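**Q** The residues making up each chain are set out below.
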Amino acid sequence: MRKKAKTTVQTFENTNWINLRNDKMIYDKQTAIQRNALTKSLRFFFEKEKFLEVETPIMVKIPGMEPHLNIFETDLIIRSKKIKLFLNHSPELQMKKLLGANFGNIFTITKTFRNGEIGGNLHNPEFTMLEWYRINADYKDLMKDCEKLVKKLAGKNEIIYQNKKISLKTPWEKFSCEELFQKYCKISLDQNRTFKQLKKIAEEKNFDTNFCKDWDDIFFKIFLNHIEPHLGKETPTFVYDYPSTQAALAKKSSKNPFFAERFELYIGGIEIANAYSELTDAKEQKTRLIEEQKLRKKLKKTIFDIDGEFLASLESIQQSCAGIALGVDRLFMILMDKKNIEETLLFPLNKILN
Amino acid sequence: MSMTTDIKKGLAINFKNGTWLVVEAQFVNPGKGGAFTRAKIRNLKSNQVIEYTFKAGESVEEAEVNRRRAQYMYNDGATFYFMDNDSYEQFSLPSDIIGNDKRFLIDGIECYAMHIDGVPTSIELPPKMDFKVITTTPGIKGDTATGGSKDATIETGATIKVPLFIKEGEIIKINTEDGSYVSKAN
Numbered sequence: 001m002r003k004k005a006k007t008t009v010q011t012f013e014n015t016n017w018i019n020l021r022n023d024k025m026i027y028d029k030q031t032a033i034q035r036n037a038l039t040k041s042l043r044f045f046f047e048k049e050k051f052l053e054v055e056t057p058i059m060v061k062i063p064g065m066e067p068h069l070n071i072f073e074t075d076l077i078i079r080s081k082k083i084k085l086f087l088n089h090s091p092e093l094q095m096k097k098l099l100g101a102n103f104g105n106i107f108t109i110t111k112t113f114r115n116g117e118i119g120g121n122l123h124n125p126e127f128t129m130l131e132w133y134r135i136n137a138d139y140k141d142l143m144k145d146c147e148k149l150v151k152k153l154a155g156k157n158e159i160i161y162q163n164k165k166i167s168l169k170t171p172w173e174k175f176s177c178e179e180l181f182q183k184y185c186k187i188s189l190d191q192n193r194t195f196k197q198l199k200k201i202a203e204e205k206n207f208d209t210n211f212c213k214d215w216d217d218i219f220f221k222i223f224l225n226h227i228e229p230h231l232g233k234e235t236p237t238f239v240y241d242y243p244s245t246q247a248a249l250a251k252k253s254s255k256n257p258f259f260a261e262r263f264e265l266y267i268g269g270i271e272i273a274n275a276y277s278e279l280t281d282a283k284e285q286k287t288r289l290i291e292e293q294k295l296r297k298k299l300k301k302t303i304f305d306i307d308g309e310f311l312a313s314l315e316s317i318q319q320s321c322a323g324i325a326l327g328v329d330r331l332f333m334i335l336m337d338k339k340n341i342e343e344t345l346l347f348p349l350n351k352i353l354n
Numbered sequence: 001m002s003m004t005t006d007i008k009k010g011l012a013i014n015f016k017n018g019t020w021l022v023v024e025a026q027f028v029n030p031g032k033g034g035a036f037t038r039a040k041i042r043n044l045k046s047n048q049v050i051e052y053t054f055k056a057g058e059s060v061e062e063a064e065v066n067r068r069r070a071q072y073m074y075n076d077g078a079t080f081y082f083m084d085n086d087s088y089e090q091f092s093l094p095s096d097i098i099g100n101d102k103r104f105l106i107d108g109i110e111c112y113a114m115h116i117d118g119v120p121t122s123i124e125l126p127p128k129m130d131f132k133v134i135t136t137t138p139g140i141k142g143d144t145a146t147g148g149s150k151d152a153t154i155e156t157g158a159t160i161k162v163p164l165f166i167k168e169g170e171i172i173k174i175n176t177e178d179g180s181y182v183s184k185a186n
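Protein chains in written order, with our numbering: chain W, 1 to 354; chain C, 1 to 186.
Note that these hints are calculated values from the structure, not bench results. Please read these numbers as outputs of a predicted model, since none were measured by experiment. Don't take each hint at face value.
To be verified - Where chain W lies over chain C, by a calculated footprint (3+ residues, C-beta under 8 Å): (1) 22-34; (2) 115-121.
Stated by the list, open to error - No farther apart than 25 Å at their CA atoms in a straight line, the calculated lysine-lysine pairs in the BS3-like style are these: (3) 164(W) with 174(W); (4) 111(W) with 97(W); (5) 184(C) with 339(W); (6) 140(W) with 183(W); (7) 97(W) with 50(W); (8) 148(W) with 40(W); (9) 286(W) with 97(W); (10) 300(W) with 8(C); (11) 29(W) with 150(C); (12) 339(W) with 150(C); (13) 164(W) with 161(C); (14) 173(C) with 339(W); (15) 351(W) with 40(C); (16) 339(W) with 16(C); (17) 40(C) with 233(W); (18) 213(W) with 8(C); (19) 297(W) with 82(W); (20) 184(C) with 29(W); (21) 199(W) with 16(C); (22) 184(C) with 164(W); (23) 339(W) with 161(C); (24) 183(W) with 169(W); (25) 102(C) with 339(W); (26) 161(C) with 29(W); (27) 196(W) with 294(W); (28) 351(W) with 184(C); (29) 351(W) with 8(C); (30) 16(C) with 200(W).
Ideal placement from N, C-alpha and C gives every residue a C-beta, glycine not left out.
All chains should be modelled from the sequences, with the hints used to inform the complete structure.
**A** Now the structure itself:
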């Protein structure tokens, strides 16, 4: 057995939690103790990897432009003057501003907010996000980070989630979006790049494209019904190289610019993390933000300004870098074998629906 | 026939040549994509349960299903017998259709029977039901080694987890879907 690093911090992996799971109680103190141990372990991990922890704001003037997200709004009132503020849905823009200021490797653990995301097992409108950014790195380096981090937290080579064994033996399986569509649907995304083409081939193969208004809608309807259920079942799975339309802040793949260097991590069928090789070309980033702004308008969502400070920061990022957002509540669910995100939170908002 | 865009729990829909009951509907937001609704639907004839993800705002055809109040009477292991509350007619359903709901059935308990074309095809329990605790160990104050919960056997014979302060003879509210403790009944 490997010797554990000497530390006075009680870490997640050395806490005795085996007999404590599956107890669904109101204000479950044992789960809170485990959660606390997890947070400490996350900090300990990144400290050892020489990352600097930074704090990012909850309220921001300009949130990220993600076209489909609904954002909470509030007003800052100064005497009679009102300034609109938004609850951050991701600390991404702030993190990249710090990269531009030459902070090096950084991480943050913060609350993020998404309006309307409630109901079911996996969502709470406010949730805890862990983001980390590595310099002189690309998304493949972040895959290695994920493997190392989850294995360390689990403290063993195998976990059981909802009665199913998941082997954590590395390397974990990796599939590109193109491979997955070929494998499960016999459809090539690369050869069907327009809405018309993709709709035609999907319908020929009897896939349901009802109510799909654009290329991405068809992608997701097929992905959610016919691909996602297969992911991350026996081992964690990285799905990588997403269509560029779904990765506005990521660097395009040098091999095929129809795809971007983005991955998502699935464990036990649950989406845990989303990562990019970061786009640092400010000019291209501006063009993409304008596109997304237009899309938000089309989808009748609140329109945000383009963050000039963010674009300026990109210009001063010297090295290649990669960043990742990981849902801490969901990670905790998996490690603790909890079915519902509610069980990981002391004050889940879902409760107000009952 | 009517159309609805609101796929929610309890809704009966016509889909893929069958009549299905939505047993679970949850919001899904695939990274960087639009909103979808992932539904768990149960075929009202075969009892087969599948998952399907609809685009949010997608119209589905609502099925004509009658939800009629019924009373559970008894079972002989393979078949469960009920009585319609209005017509007093008896009907039966095979055990595998009742499925996991068995653990909450006790003589005389009220539930709903789902009728398609006038034929009862399945039952539905109220989402929360009250049951008496028959046996449980006395809770020890400050005992956190068990995570603040203990086993209790309710009047149907089912065993569920309850907080330490629950005593024998008390009436508690249970979520019939996942069998979890909700609260003390008032």
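**Q** Now, for every hint given, state plainly whether the structure supports it.
**A** Now the hints, each set against the structure:
Requiring three or more residues with a Cβ within less than 8 Å of a Cβ of chain W, the coverage given for the stretch 22-34 of chain C holds, as 11 such residues are present. Given as covered by chain W, the stretch 115-121 of chain C fails the check, having 0 residues with a CB less than 8 Å from a CB of that chain where 3 are the minimum. Restraint check: the Cα-Cα separation between residue 164(W) and residue 174(W) comes to about 20 Å, which is no more than 25 Å; the hinted pair holds. Using a Cα cut-off of 25 Å, the hinted pair residue 111(W) and residue 97(W) holds, with the two alpha carbons roughly 19 Å apart.
Distance restraint check for residue 184(C) and residue 339(W): the Cα-Cα separation of roughly 23 Å lies within the 25 Å cut-off, and the hinted pair is therefore satisfied. Taken as a hint, the residue 140(W) and residue 183(W) pair is honoured in the structure, with Cα atoms around 22 Å apart against an allowance of 25 Å. Between the alpha carbons of residue 97(W) and residue 50(W) the distance comes to roughly 19 Å, so the proposed pair stays at or under 25 Å and holds. Our distance criterion of 25 Å between C-alpha atoms is met by residue 148(W) and residue 40(W), whose separation comes to about 16 Å.
About 15 Å separates the Cα atoms of residue 286(W) and residue 97(W), which keeps this hinted pair within 25 Å; it holds. Annotation: proposed proximity of residue 300(W) to residue 8(C) holds, straight-line Cα distance about 24 Å (limit 25 Å). Between the alpha carbons of residue 29(W) and residue 150(C) the distance comes to roughly 15 Å, so the proposed pair stays at or under 25 Å and holds. For the given pair, residue 339(W) sits about 19 Å from residue 150(C) by alpha-carbon distance, which is consistent with the 25 Å threshold.
At most 25 Å may separate the alpha-carbon atoms for a hinted pair to count; residue 164(W) and residue 161(C) meet this at roughly 22 Å. With a C-alpha separation of about 21 Å, the suggested pair residue 173(C) and residue 339(W) falls inside the 25 Å cut-off, and the hint holds. At roughly 21 Å between alpha-carbon atoms, residue 351(W) and residue 40(C) fall within 25 Å of each other, so this suggested pair holds. Of the supplied pair hints, the one linking residue 339(W) and residue 16(C) is violated, its CA atoms being roughly 29 Å apart against a limit of 25 Å.
A hinted pair counts as satisfied when its Cα atoms are at most 25 Å apart, and residue 40(C) with residue 233(W) qualifies at roughly 19 Å. For the suggested pair residue 213(W) and residue 8(C), the alpha carbons sit about 22 Å apart, so the restraint of at most 25 Å is met. The hinted pair formed by residue 297(W) and residue 82(W) meets the criterion: a straight-line CA distance of about 23 Å does not exceed 25 Å. Between residue 184(C) and residue 29(W) the alpha-carbon distance is near 20 Å, which keeps this suggested pair within the 25 Å criterion.
Restraint check for residue 199(W) and residue 16(C): satisfied, since their Cα atoms lie roughly 20 Å apart, inside the 25 Å limit. Our distance criterion of 25 Å between C-alpha atoms is broken by residue 184(C) and residue 164(W), whose separation comes to about 33 Å. For the hint linking residue 339(W) to residue 161(C), the alpha-carbon distance of about 16 Å falls within 25 Å, and the restraint holds. Annotation: proposed proximity of residue 183(W) to residue 169(W) holds, straight-line Cα distance about 23 Å (limit 25 Å).
Taking the CA atoms of residue 102(C) and residue 339(W), the gap is about 22 Å. The hint holds against a cut of 25 Å. Of the pairs offered as hints, the one joining residue 161(C) and residue 29(W) holds, with about 16 Å between alpha carbons and a cut-off of 25 Å not exceeded. Simply put, residue 196(W) and residue 294(W) have alpha-carbon atoms about 21 Å apart, close enough for the 25 Å limit, and the pair holds. For a cut-off of 25 Å, the pair hint linking residue 351(W) to residue 184(C) stands: about 16 Å separates their Cα positions.
For the hint linking residue 351(W) to residue 8(C), the alpha-carbon distance of about 18 Å falls within 25 Å, and the restraint holds. For the given pair, residue 16(C) sits about 21 Å from residue 200(W) by alpha-carbon distance, which is consistent with the 25 Å threshold.
In the structure shown, a violation is registered for the earlier hints numbered 2, 16, 22, in ascending order.
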